[in-house]
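These protein sequence lines are chains A and B, in that order.
Per my numbering, the very first residue in the first sequence carries number 1; after that it's consecutive.
Per my numbering, the very first residue in the second sequence carries number 1; after that it's consecutive.
Simulated from the structure, these hints should not be mistaken for laboratory data.
You can't tell identical chains apart in this list, so a pair holds if it fits in one copy or across any two.
Quick list of in silico lysine to any residue cross-link-like pairs, SDA-like style, CA-CA up to 20 Å:
no., residue 1, residue 2
1, Lys192, Asp147
2, Lys196, Ala185
3, Lys248, His213
4, Lys302, His49
5, Lys196, Asp147
6, Lys317, Leu331
Below are the chains, spelled out letter by letter.
Number of protein chains: 2
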Amino acid sequence: MRIAVDAMGGDHAPAATVEGAVEACSQNSQLSVILVGNETAIASELKKHKYSASQLRVKHASQTVEMDDSPMSALRRKKDSSIRIATDLLKSDDADGMVSAGNSGVVMATALLVLGKLSGVERPAIATVMPSLKGHFILIDAGANVDCKPVHLFQFGLMGEAYSRYIFNIENPKVGMLSIGEEDAKGNELTKESFKLLKNAGLNFIGNVEGRHIFEGDADVVVCDGFVGNIALKIAEGFAETTAKMLKREIVEKTAGEIGSDFLKKALSNFQKKTDYSEYGGAPLLGLNKPCIISHGRSTSKAIKNAVILAGMLHSKGILQIISKECKEGLAGRETVFIEE
Amino acid sequence: MRIAVDAMGGDHAPAATVEGAVEACSQNSQLSVILVGNETAIASELKKHKYSASQLRVKHASQTVEMDDSPMSALRRKKDSSIRIATDLLKSDDADGMVSAGNSGVVMATALLVLGKLSGVERPAIATVMPSLKGHFILIDAGANVDCKPVHLFQFGLMGEAYSRYIFNIENPKVGMLSIGEEDAKGNELTKESFKLLKNAGLNFIGNVEGRHIFEGDADVVVCDGFVGNIALKIAEGFAETTAKMLKREIVEKTAGEIGSDFLKKALSNFQKKTDYSEYGGAPLLGLNKPCIISHGRSTSKAIKNAVILAGMLHSKGILQIISKECKEGLAGRETVFIEE
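The following block holds chain A by itself, in its conformation from the complex (with noise of 0.2 Å):
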C-alpha cells in the first residue's frame, strides 16, 4: 500500500508527519509513504530517523496550503501545494490512499473536485470516532455536508455501518440516528424521512439515539447531518477541555499542592488521553474513489502514523469497493444475518 502523506499539514508539520510515515513503515512492512511537500524541510527531518529507503520517498512540492486559505483560493492558486500534489498522486494512481492534517476546507475540496466520487454514493462524509464508554462510535457525518437530503443519511449508514464492521470489527454494528428523542416520531423533518429509509435498509438500525446516551455507547454509528454532526463533535471537543481546567482549577483552589494533586493530574491526563480523538489517527472522508484521511491540525506523530495505517487498511480491506456496491444495490446480496430488530 502506497500511502501519499502530506509532509506541511498540521501544526507540528513537518517534524510529526515526517516522523509518523517513518513509524507506520517500520511498524507495517508492507506500508510505504510518498512524503509530499517541500524536499529541503522533510529531507532535514528524515536525517532525525533510521527508515527503509524502499519505503519512504519524497515528492516535492513548492507551496504549501495555508489554514486561511479558503478552499477556492486553494484550488485556484496553489496547484503546487502538497495537498494538491498527493491527491494528484492517488488520481494518476501513483498512491492508492492519503493522510493529511492540514487545512480540512481545501482537503475536502481539492479531494472531491480532483478524485471524485465513488460509483453510487451521492455525498462524501466524514466518520469521526468518538469515545464511549464501552469503547467509541462512529460519527457520521462529522462536517462535510451542511444541508443534507434524507437520502444522504442513508447513505452515510451504510457508509458508517461498513466502515464500522470492516475496521473496527464489530460484527453487526448497531446504527442509530442523532435525534432529540428516543421515540421514532422524535426529530425534524430531515431526520423523520431518514428514519424511514434507514429501518428498511436491512441494517441493525436501533431507532433515534439522543445525545446523552451517544457517550454510553449505545450506538456503534451514530447518523447525522454534517452541521450537526460537527456541533455535536465540537461541543464534545470543547467541554472535554473546558471540564479539564474546571477541574485543575478546582485542585488548584482546594489543595494548594497537597497531598492528592499529583494523582488527579495523572488520573484527568489519563482521562484526556481517551477522549482525544486524534489518538484515533484520522477520520476518513468516505464516499470518494480512494482513501483520503483528514488528521486533526493538531496532530501528533503518533496520530499520522495510525492514521497512515489506516489509510493502508482502507484499501487493502476493499471498504471503498463495498460501500460502492452497498450504496447501488442496497444490502440484500449480503452474507450476514441480520438481527431482527
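Fit chain B to the known structure of chain A by using the hints.
Structure of chain B alone, referenced to chain A:
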C-alpha cells in the same frame, strides 16, 4: 407574584415540588404559590414543612400527565391534569407564571395552546443556562422548534438577549450564532440567512461561535434552532456524566482506596454541581403570554425553588412586554448604546 407550580411533575414530585415552593416563599415574601395536583398527596407533603398559609394554597387536579403521554393525547384526554390546570390559572389571570418539571413536550404544547404567543413573536423558544469558564451563557432555542426559518433564529437572538440583560444583569450581552466555523460565511442555509438578520438587528452580535468555544464563555447568548440546541445540550449533559464515570473508573482502577481518592471525589462532585444545569432552576419557554418555566425531570427542591423565583422575576421585571415590543419594533428605540462591531 402568584406562581402556579405543577406539584405532580418530575421524578421527585410531590416531595421536591412542595419543598421547593415552601422554600421559595420563605425566601421571598412577595411570592405566593399555588400548588396544583392531587390535594391529598400535597397536603401530606405540606405537613412536613413550616410555611405561611397566606403564601401557599392548593388547587386540586384529578389527573397526572405521565412521562410517556404524547402532547396530543394529554391535551385531549387529560384536561384535569396538574399541567393543564396550572396553565388554565395563568390564562384566567389567577396566576402570573408557572413552573413544571413534568413531561416537557406536554407542558410546551399545553402552554402554547392555552396561553398563546406574545404579540410579535413568531415562535416561543426555550432559553437554557449552560456553564462556561466565565460563569454561564444562554442557549436559545434548546428544543422547542425543530425546523426553523431565519426570522425565528433572529427573534431567538432578541429574546435571549433580553433574558441575559434583564435577568442575569449582563450589561451588553454578546450574542453569537452556533455554527461550524467562526468565519461569517460558515454554516448551513439557515444560519447563513439568519446571520444577516442578526448582524443588522442592533444587537452586540459577535458572529458565529463554534461548539468548542462556547464553554469558554465567548458569547453570553448562543442562538441556534431547537434541533441543534437540544442536541448540543444533551451532548454536553451526556459528556459531563460520562466524564464523571470515566474519571471515577480511573480513580478506582488506579488507587484502590489510596490517599487522594476521597479528595478527587470531592473535586468531582464540586465540578458536577457547576455543570448541573438543573441548579439554575429551569428554562423559560420565552415568547408565551406569561412566564412558563420548564424544569428538569430530575429537579431537586432547590431547582424548583429557583424556578419559582425565576418565574417571579420574569413577571416582575416585565421581560415579556420588552420581548414583545422588540420583536415588533426592533431595537431602534432602545436607550442603551451598543458597542460597534
